[in-house]
Amino acid sequence: MGLIESNSLKTQVLIIGGGATGTGVARDLALRGVNCILVEKKDINAGASGANHGLLHSGARYVSNDPESAKKCMDENRILKQMAPDCIEDTGGFFAAVQGDDERFVADFPTYCEKAGLPCTPMDIKDAREQEPALSEKTIAAYAVEDASIDPFKLVLENITHAQQLGCQFFRNTKVTGVKKSGRQIKAVELLDKDSGKAFCIETEMVVNATGAWAGQVAGLVGADIDVIYSKGTLLITHNRMTHRVINRLRPPSDADILVPGGTVSILGTTSARMKTLEDIRPTVEEVDYIVDEGAVMLPALETKRYIRAYSGVRPLVGTGSQGNDRSVSRSFDLIDHAEDDIDNFVTITGGKLTTFRLMAEKTADLVCDRLGVSTPCQTRTTSMLSHHETQWAVPGFSSRMWLEHHDPDDLLLCECEMVPQSAIEEILASFHVFEKEADLNGISKRSRVGKGGCQGAFCSIRIAAFLYDRGVISANEGIDNIRDFLNARWKGQQCLLWDMPMAAAELQEAMHCGLFGLELR
Amino acid sequence: MKPAEQSHPGPKADASSCELAVIGTGLAGLAATLFASEKGIYTAQIGVNAGIIHASGFLDLMGVHPIADGRVWENPWEAIDAVTTDIPDHPYARLPQADIRQAFDIFMNLMKAAGLPYRYQPDANSRVITTLGTLKPTYGVPESMYKGTEALKTQKKCLMVDFWGLKGFSAVQLEEMLRDRWPGLQSVRIAFPEVGPSVDLYPEKMARALELRTHREDLAREIRPHLNGAEIVGMPAIFGIYHTREVMADLAALIGADVFEIPTIPPAVPGLRIKEMMEAQIQSKGIPLFAQKRVLQVNHDNDGGFVLDIGEPATQSISHRLHAQGVILAGGRFLGGGLYAGRKKIVEPLFGLPVFQPPERTQWHCSQVFDPRGHPVNMAGIEIDDAFRPLDDSGKPAWKNLYAAGAILAHQDWMRMKCGAGISIATAYGAVNAFAMNARP
Ligand SMILES: Cc1cc2nc3c(=O)[nH]c(=O)nc-3n(C[C@H](O)[C@H](O)[C@H](O)COP(=O)(O)OP(=O)(O)OC[C@H]3O[C@@H](n4cnc5c(N)ncnc54)[C@H](O)[C@@H]3O)c2cc1C
Ligand SMILES: Cc1cc2nc3c(=O)[nH]c(=O)nc-3n(C[C@H](O)[C@H](O)[C@H](O)COP(=O)(O)OP(=O)(O)OC[C@H]3O[C@@H](n4cnc5c(N)ncnc54)[C@H](O)[C@@H]3O)c2cc1C
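Chains G and V, in that order, give the protein sequences.
Plus 330 on top of the position in the first sequence (first one is 1) and you've got my numbering.
Plus 1 on top of the position in the second sequence (first one is 1) and you've got my numbering.
Calculated directly from the structure, the hints in this document are not laboratory data.
Source: prediction; values computed, not measured.
Note that CB positions come from ideal geometry on N, CA and C, so glycine has one too.
Treat each hint with caution, since some may be false.
What the hints assert, rightly or not - Okay, the calculated bits of chain G under chain V, using three or more residues with CB under 8 Å as the criterion:
| no. | stretch |
| --- | --- |
| 1 | 405 to 417 |
| 2 | 789 to 796 |
| 3 | 827 to 837 |
| 4 | 845 to 852 |
To be verified - When the alpha-carbon atoms are kept at most 25 Å apart in a straight line, the in silico DSS-like pairs for lysine-lysine are as follows:
| no. | chain 1 | residue 1 | chain 2 | residue 2 |
| --- | --- | --- | --- | --- |
| 5 | V | Lys345 | G | Lys635 |
| 6 | V | Lys276 | G | Lys822 |
| 7 | G | Lys635 | V | Lys346 |
| 8 | G | Lys822 | V | Lys346 |
Claimed, not checked - With the C-beta cut set under 8 Å, the calculated list includes, among others, these residues of chain G facing chain V:
| no. | residue |
| --- | --- |
| 9 | Pro707 |
| 10 | Gln709 |
| 11 | Arg711 |
| 12 | Ala806 |
| 13 | Asn807 |
| 14 | Asp811 |
| 15 | Asp815 |
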């Protein structure tokens with residue numbers, strides 16, 4: 331039928347979605363020697379993988395309502411601590427109840443854990459508060475569990491970098507717009523290169539839909555039907571770290587009941603609100619106030635804490651009949667073989683958790699390999715994640731440590747808050763060449779700490795734009811567009827928590843970028 | 002107006018009492034103090050550096066209105082007419098245009114006398130070049146920068162120079178940004194004459210270096226081979242701190258072409274120049290200045306005056322007590338500390354004055370950072386009467402002898418309207434005059 335243009339690309343497996351799941355599938359397949367291409371409509375971590383709590387679950391959160399998920403979390407938690415130690419800080423975690431919390435639940439908790447096979451150690455309250463002084467005086471019970479903190483940015487960067495080294499190709503800013511089918515087979519996937527505006531095709535034997543909350547939309551393009559409910563969660567980042575461990579509220583899963591430390595900060599959340607669309611997901615003032623008020627019950631210092639950012643992500647809930655409380659739905663994942671929808675070479679993997687991404691990738695790759703007739707077994711249970719140098723710049727504290735230990739006298743700090751030098755930006759620029767795309771400020775900030783420090787991008791954006799001009803990466807007035815886009819992206823997470831010091835910082839940013847530069851005038 | 006420097010009719014300069022206390026050392030506070038001393042009012046001033054060190058040197062009068070339309074006015078006076086018609090509570094509506102003109106004239110004359118000459122067209126805004134390569138409408142322009150504006154207008158052949166090791170200032174960027182408007186613009190990157198072991202150059206360090214002739218000679222030697230017929234050379238703002246005129250003239254002579262500067266990322270040298278210059282003026286007039294101090298608490302004495310407890314912002318410990326008949330509050334906004342944003346509402350922390358503001362935090366900001374309408378919170382602030390006295394909840398002056406000036410005032414968004422310096426200077430002038438009328442009829 332002449333469906334496929336002669337100049338289109340070819341691959342065995344086309345993976346859609348550059349989150350933990352998609353990049354995990356890419357690495358898994360690449361390790362089995364399967365040829366694959368991953369396409370992402372924005373950039374790595376553009377979805378829930380870049381907007382989650384960063385908790386490597388011990389499983390304890392799910393013991394009461396979803397013991398199956400709890401068990402999976404525990405197993406994966408242990409595997410990842412072995413295989414990806416550079417992405418994980420093994421903090422341990424507490425579950426703590428305060429006066430007024432359901433005492434029946436508190437009493438039943440150890441039994442739930444035992445039934446699910448999860449270790450959980452009762453703590454003397456005095457000891458618990460000595461070890462975590464931020465805990466409320468009103469703490470009435472505490473248990474220690476195997477929770478840890480995981481850096482999703484580094485995790486995903488490691489996955490994709492490793493996959494690329496093994497031959498997988500990665501296209502960013504490339505959106506799936508449709509497919510070409512013949513009978514029960516997808517022959518090629520139609521794509522839009524959002525930078526050039528050009529449409530192109532990739533011929534493929536199998537298609538993996540790893541688009542998280544967008545899974546229903548993408549399945550729709552193929553003619554398959556998945557019923558996805560969107561559940562938005564909002565999180566707050568504190569100015570500095572408040573606890574050593576992950577602190578969970580000991581009660582049935584609810585809002586604002588977890589505080590996860592990550593490097594020099596802590597992350598407080600989350601909420602759950604059903605959304606009708608995936609457009610313009612952003613934290614609101616009301617959510618922020620609610621999270622602070624709720625969180626302060628367990629950790630009173632949260633009331634007066636400075637917050638540097640807020641962000642929101644969307645959990646996909648697939649085919650649930652249950653109403654209202656999105657937390658009662660199983661968080662085990664959904665692996666859907668669309669043969670039932672009369673498409674033989676299309677699978678969807680969605681739902682689940684960051685903690686279980688490896689298992690989700692394994693099960694997906696098993697299914698794909700089965701179709702392709704590849705018999706190589708999964709390697710990711712036993713193959714360590716490599717730690718690639720260029721992925722380190724995304725890790726909080728890495729850049730400043732490097733800089734303080736040693737730096738070239740000719741090097742310059744372009745981001746002074748997080749101490750990101752020119753040489754790091756150079757390295758990140760070089761990694762962009764892999765995509766055959768030009769870098770922009772938003773892309774650089776995805777791969778580094780740029781814009782995540784005190785100035786929230788107000789100053790470093792100017793220095794980096796100047797550097798990009800010097801290097802010929804951008805020209806004409808692209809620098810202005812870059813800065814505008816970048817500051818607008820940062821604004822999304824600032825707007826709802828502008829009181830106290832952040833209000834002053836926002837005023838300085840506005841004074842500079844509007845008062846002095848007139849960037850709002852076009 | 003004749004400066005009346007020494008003959009204070011008021012209390013002696015023992016720094017424990019004064020006629021007028023000015024709270025704030027931003028542009029509004031500094032202007033108020035200078036205006037007051039011109040009138041022979043015995044004044045004392047308190048404040049920590051804030052906006053002023055971030056200043057670009059440009060003195061905006063009025064550039065954009067209505068902000069939602071992004072309408073840029075050629076004539077700032079017409080813009081003031083328009084904004085005061087549409088927003089009757091705008092601070093500019095509190096004084097006649099003749100007074101605003103006079104305030105500017107006095108201020109510019111002071112700057113000139115202090116060695117920081119300004120250039121402006123009496124009835125027109127100028128477009129000045131920023132570090133980013135945008136052209137911003139403003140009114141008063143330091144002479145060292147005005148030359149760039151003129152060169153662009155007359156399309157002089159220009160060489161833009163930047164330096165190895167100086168971040169955030171790229172001659173290539175300026176060339177790229179201005180290419181269509183300024184075809185005769187070229188760029189070059191050179192090494193700055195040796196100033197020390199570190200390569201991370203700071204404009205302040207460079208400006209201090211250029212106060213010395215040998216460094217100017219070295220710099221000119223570096224630049225000359227690249228001239229390639231250029232009639233004028235543009236550089237980041239580094240032409241000295243105390244002797245900008247001399248540095249500029251000397252550089253031009255040594256290079257053999259005119260020179261101009263562009264302000265770098267704040268805090269930059271032009272802000273430092275204004276601060277140093279104004280502080281020197283204040284000192285030379287013998288005005289007590291509590292620099293790097295804050296008013297921590299205000300009480301009221303029996304005869305309608307104020308008692309200010311002054312101390313360290315960090316420790317909150319009180320080191321001075323100052324009696325004042327009147328106070329001008331020029332505390333700035335959130336950055337300066339004149340206003341404070343709590344999670345639920347915005348307050349004025351010192352006098353507990355009511356703050357005009359949107360009813361809820363949800364309405365403080367727009368969801369897009371560059372929303373053309375501007376963020377509602379930027380119109381928040383202190384409301385005043387025609388004598389610049391803050392109002393209480395009932396709409397009456399809160400205190401007989403309390404005045405407010407500068408960015409703390411409500412019903413203006415200086416960042417979008419491009420009227421920052423203008424509001425500070427004009428309202429400082431208005432407040433001082435009101436105090437003079439009220440307290441010393
Ligand atoms: C608020 C919140 C908190 C969470 N906290 C935790 C936690 O603490 N611990 C934990 O284990 N899990 C947590 N999770 C769950 C975890 O974040 C997700 O399970 C995981 O990130 C899902 O990854 P994913 O790759 O499947 O989806 P995503 O990360 O959403 O990736 C999907 C990608 O597909 C791309 N895409 C969509 N449409 C197209 C298209 N047409 N063409 C090309 N690309 C497309 C998107 O841009 C996106 O990048 C949390 C989730 C949320 C929302
Ligand atoms: C990044 C930036 C760029 C700018 N660019 C321009 C420009 O291009 N053009 C232009 O015209 N203007 C510009 N400005 C300056 C602007 O004009 C001024 O900031 C504005 O006029 C406000 O001045 P202000 O004196 O009212 O407030 P501020 O400058 O904020 O000064 C407030 C002062 O009050 C003091 N204060 C507050 N509370 C107390 C207290 N309790 N006790 C004692 N002191 C107190 C603070 O310490 C500070 O000294 C810029 C400002 C910034 C920050």
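Checking hints one by one. Is arginine 711/G an interface residue toward chain V, by the C-beta closer than 8 Å rule? violated, 44 Å
Three residues minimum, CB to CB under 8 Å: does the stretch 405 to 417 of chain G make the cut for coverage by chain V? Let me know. Answer violated; 0 residues pass the 8 Å Cβ test.
Does lysine 345/V pair with lysine 635/G here, judged by a C-alpha cut-off of 25 Å? Roughly 15 Å separates the two Cα atoms, so the pair holds.
8 Å C-beta test of the stretch 845 to 852 of chain G against chain V, three or more residues: holds (count 8)
Can you tell me if the stretch 827 to 837 of chain G counts as covered by chain V, using C-beta to C-beta distances under 8 Å and a minimum of three residues? holds (count 7)
Less than 8 Å between beta-carbons is the criterion; does asparagine 807/G satisfy it with respect to chain V? Constraint on asparagine 807/G satisfied, holds at 6 Å.
Let me know if the C-beta of alanine 806/G comes in closer than 8 Å to any C-beta of chain V, holds or violated. holds, 6 Å
Evaluation of the interface hint that places aspartate 815/G against chain V, nearest CB under 8 Å: With Cβ-Cβ at 10 Å, over 8 Å, it is violated.
Check whether three or more residues of the stretch 789 to 796 of chain G sit with their beta carbon closer than 8 Å to a beta carbon of chain V. Answer holds; 5 residues pass the 8 Å Cβ test.
Distance restraint between lysine 635/G and lysine 346/V, which requires alpha-carbon spacing of 25 Å or less: Holds, because 17 Å separates the two Cα atoms, which is no more than 25 Å.
Is the hint on aspartate 811/G kept, meaning its closest Cβ partner in chain V is under 8 Å away? With a closest approach of 11 Å, the aspartate 811/G hint is violated.
Restraint check, 8 Å cut-off on beta carbons, for proline 707/G near chain V: violated, 49 Å
When each numbered hint is compared with the structure, violations occur for hints 1, 6, 9, 10, 11, 14 and 15.
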